[in-house]
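Each protein sequence line maps, in turn, to chains F and B. Sequential numbering of the first sequence, starting at -14, is according to the numbering used here. Sequential numbering of the second sequence, starting at 11, is according to the numbering used here.
Hints are supplied without guarantee of correctness; some may be wrong.
What the hints assert, rightly or not - Just some of the chain F residues that point at chain B, by a computed CB distance under 10 Å: (1) 253; (2) 437; (3) 460; (4) 478.
None of these hints come from the bench; they were simulated from the model. Owing to the predicted nature of the structure, the values given are computational and were not obtained by experimental measurement. Even glycine gets a Cβ: it sits at the ideal position worked out from N, Cα and C.
Letter by letter, the chains look like this.
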Amino acid sequence: MLLHQLFEASARRVPDKAALVFDGVRHTYAQLDARADHLAAVLQQRGVQRGDRVAGFLDNGVEMVLCLYAALKCGAVFMPINPLTKRDKLAYMLNDSRASVLVSHTVLQAECVHALAINSSVHTVVMAGGTAASTPPDPRHVAFPAEGGAPLLRPELPASIDQDLAGIIYTSGSTGDPKGVMLTHLNMVSAARSISQYLGLLADDVIACVLPLAFDYGLYQVLMAFQTGATVVLERSFAFPVKALEVLARERVTVFPGVPTIFSLLMQLKTLADHPLPDLRLLTNTAAALSETHIRQLRGLFPQAQLFSMYGLTECKRVTYLPPDQLDIRPTSVGRGMPNEEVWLVDETGQRLPNGSVGELVIRGSNVMRGYWEKPQETAKRLRPGPIPGEVILHSGDIFRTDSEGYLYFVSRTDDVIKSRGEKVSPREVEDVLYGLEGVFEAAVIGVPDALLGEAVKAFVALRPGFTYSERDVIRYCLSKLESFMAPKHVEFVGSLPKTDTGKIKKTGLS
Amino acid sequence: MSAIKTKVRAYILENFIMGGDGPAFADSDSFMELHVIDSTGFLELVTFLEETWGFVVEDAEMTPENLDSLDGIEAYVTAKALAMPCAA
């Protein structure tokens, strides 16, 4: 089964049902399927073939959903890119993946133009939001097909199989450049099925998605809903919580997926009780752990809903979930492996450890990625031989402990990646940007505890003589180069940074 | 341009946009759409408005109508200042 075929099956089963509600507009399954078909046909006319990469650099909206399914329908690989991404990193991702198509919006045009100026792989740019008058004509550009534009085209069916790539999702690591996680149709279908199964998603569920679709947690809300025949109420963001709550109440949402920062914002509202969500039956949390206090508060505020604590990695989408009936027994556990997946802990030599141990978590299942795009060395570190000849298992790089019944508890990461707002921040990526600021001769970036963000990014910066910057100058500079969640919240100026015996900057002791 | 808009624009340029590299925005433009301010940035903007004009932004007032453009902020701050018991 291919990922988009799950959606197409729903479109045949419930053509007139609302698949997506965005900005007050309801889009039925049949409408979305027909529009995705049309966009796929347009992409094929532009020469897109099976295996080509199609980048979706868009805010949440109907266009991102159409881009996803259009790419899959022509056998291409969907590559979501966070719309907060700045030009240099956008160019890196387009170049690294040798993307053929960039689908974006005119509000992001400045970043696109700069990225495309140093890219030669993209032959087609599909722009939503009309064309800015000042844009010089570019033969690569085509307008995003408008709704109601006739006649609608149908794509030719590619010869795709479920071993083909369906998605490449870039992720930041502690060293080196961002890596493209390669996911096959089988990987994504398996993950979507396992998660839908343990959550018990139903066709009459109404799923609120305030998470970016460029983030796999957000993307899977659409994939799982469309596989089930449910409805997604898509919001652009959670920047205006009361506004979002009004929509969720009006649409009678039954499922609300969030990350700790979103739940914090929700619980800070003094007027939360004014927006009851009586139909809410599932709350899910992942990307970072909820504190016990937050778990208690959330359950008190939404007694009608079951809360799922979960843990995942882009490399295999989801790893574990804690059944809600275990929340009172072991509130800090992230649970056990999901259906059709096996997880266990290993010691440093790769030996399987019994329950009650501490070790690295490894994952075996059809949801495990095919590797990092054109990074065989990085891939070999993570994907190692499994129990059956020829198969691989994923080494998470995260340390867990198990209790006597095998429930998992997060202990630490083996790298120094920061989790801020539920997003992964590579200290190295921020430091590289800081070194680009004239006058910076040393920089070190760490995560510090933050009540709202989980961890906040903090930079230590040493300047050459003659240079002075304010904290805000440095933050603003970083905002111009990095996704906003990666920019430091705190900057401390120091004379110099502590070093190891070999002269490397030593971060232990910085706080 | 009004004093309110001048002040808020200066704050945004000072805090969120680097030199001439960021997006130019008109008074009616949405900060969110143009990626001038992100979701946590709005929390900082709210703190700035509260500290500058000495009122409290209530939950229900945290809306795009009030906060997502210079035009919106001007109308909102003006209305709030008028409603204050000892408005300056």
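Cut-off 10 Å, beta-carbon criterion: hint that residue 460(F) touches chain B:
holds (8 Å)
Chain B contact restraint for residue 478(F) - C-beta distance below 10 Å:
violated (18 Å)
Residue 253(F) as chain B interface residue, shortest Cβ-Cβ below 10 Å
holds (9 Å)
Report holds or violated for the interface hint on residue 437(F), using the least CB-CB distance to chain B and a cut-off of 10 Å.
holds (7 Å)
Of the numbered hints listed earlier, the single one contradicted by the structure is hint 4.
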